[in-house]
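Two chains, two separate frames, one set of hints: put the complex together.
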Amino acid sequence: MDSDSVKKAIIRQALQATNTANARTLIENINEKCFERCVPKPGSSLSSGEQTCLTQCMEKYMAAWNEVNSNYIRRIQQEIGNQTLSNA
Amino acid sequence: MSSADFNIEQSDLEKLNDKDKTELRQFFANEEHRSRIQSQTHELTAICWKKCVTSSTIRSGALDRGEQSCLANCVDRFMDANLATMKHLANMRQQ
Chain R
1 MDSDSVKKAI
11 IRQALQATNT
21 ANARTLIENI
31 NEKCFERCVP
41 KPGSSLSSGE
51 QTCLTQCMEK
61 YMAAWNEVNS
71 NYIRRIQQEI
81 GNQTLSNA
Chain W
1 MSSADFNIEQ
11 SDLEKLNDKD
21 KTELRQFFAN
31 EEHRSRIQSQ
41 THELTAICWK
51 KCVTSSTIRS
61 GALDRGEQSC
71 LANCVDRFMD
81 ANLATMKHLA
91 NMRQQ
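Protein sequence lines correspond, in order, to chains R and W.
Under the numbering used here, think of the first position of the first sequence as 1, with each following residue one higher.
Under the numbering used here, think of the first position of the second sequence as 1, with each following residue one higher.
None of these hints come from the bench; they were simulated from the model.
All C-beta atoms, glycine included, are put in the ideal place defined by N, C-alpha and C.
Honestly, I wouldn't trust all of these hints.
Stated by the list, open to error - Derived coverage of chain R by chain W (criterion: at least 3 residues anywhere in the stretch with Cβ under 8 Å from a Cβ of chain W; other residues may be distant): (1) 5-11; (2) 17-29; (3) 50-60; (4) 65-73.
This is chain W alone, in the form it adopts within the complex (with noise of 0.2 Å):
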């Protein structure tokens, strides 16, 4: 895309009428829940990397078995403490 492609003025958005001012409001809030969810993707692929590929030489581009069942489990584990921290959290502030 060349830079002349990535200028919208102010002028532009004045031409944008309700019903795409509405659709865009929609598509932002979506890309939004996308990007929380990808850099979210990215902290967990970093912690369990490091958990569930320990080989000390990688031979394959794959992951195999042992790995992708580590991975899937390392998500749900961590998913449970942070709900765990949480209920904790909420009831710690009770007391």
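Next up, chain R with everything else stripped away, as it sits in the complex (with noise of 0.2 Å):
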């Protein structure tokens, strides 16, 4: 290997490491926000109603997700920008 495949190996792994902890993250949160959401009393099975719940709760969260880091992501920006405007 060359320095630039290294380079890229290096990279690549980072990512994906980066990526799979990130998704391991967000599903762990999903799994405990909408079991508490969609099953109040468990029963003996799981039922069409609370699959249901499940599925379009899962859909909400990661919409959720999307809607605070971009919110957040905004918001840092305003920060900094404020930041250089008082220190200049």
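Next comes the structure, spelled out in structure tokens:
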């Protein structure tokens, strides 16, 4: 391997590791929040209503994650902008 | 990806030239930043979900208008609260 392919291999592996960790955290949180919301009283099996709730909850949680993420990034950029202005 | 792809040997690292080392340092600095934003997003989503998605049964996979604006406000007010705490802490330390 030359320098460039070593660099690319490191980048690829690092990205895969962080993306996997991120997905795992998201799934853990979805499980926790949606189980809490959709299965208030666990019965002998998941009802079809509970199953529908779980899939919709999962989609909604992901939508909420994206909404929070874009607003958080917007706010950070805004704060950085304010800081630069007050330091100027 | 197979596990064979997953090993970078010490001898491979020694092949890195200065230009690629600099690029990698920059890459990891950016990744650290991205990772911090992602983990903060996980925490904030959990906090704001509790406050903004309050209906006892979930009937749609999409966010409704009220939930969406609540989430946006939740992020902003959380940041305001955070800044207010930091500011007050700075004042307390000066006294």
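Consistency of the hints with the structure:
| no. | hint | in the structure |
| --- | --- | --- |
| 1 | 5-11 | holds (count 5) |
| 2 | 17-29 | holds (count 5) |
| 3 | 50-60 | holds (count 7) |
| 4 | 65-73 | holds (count 7) |
Hint violations for this structure: none, all hints satisfied.
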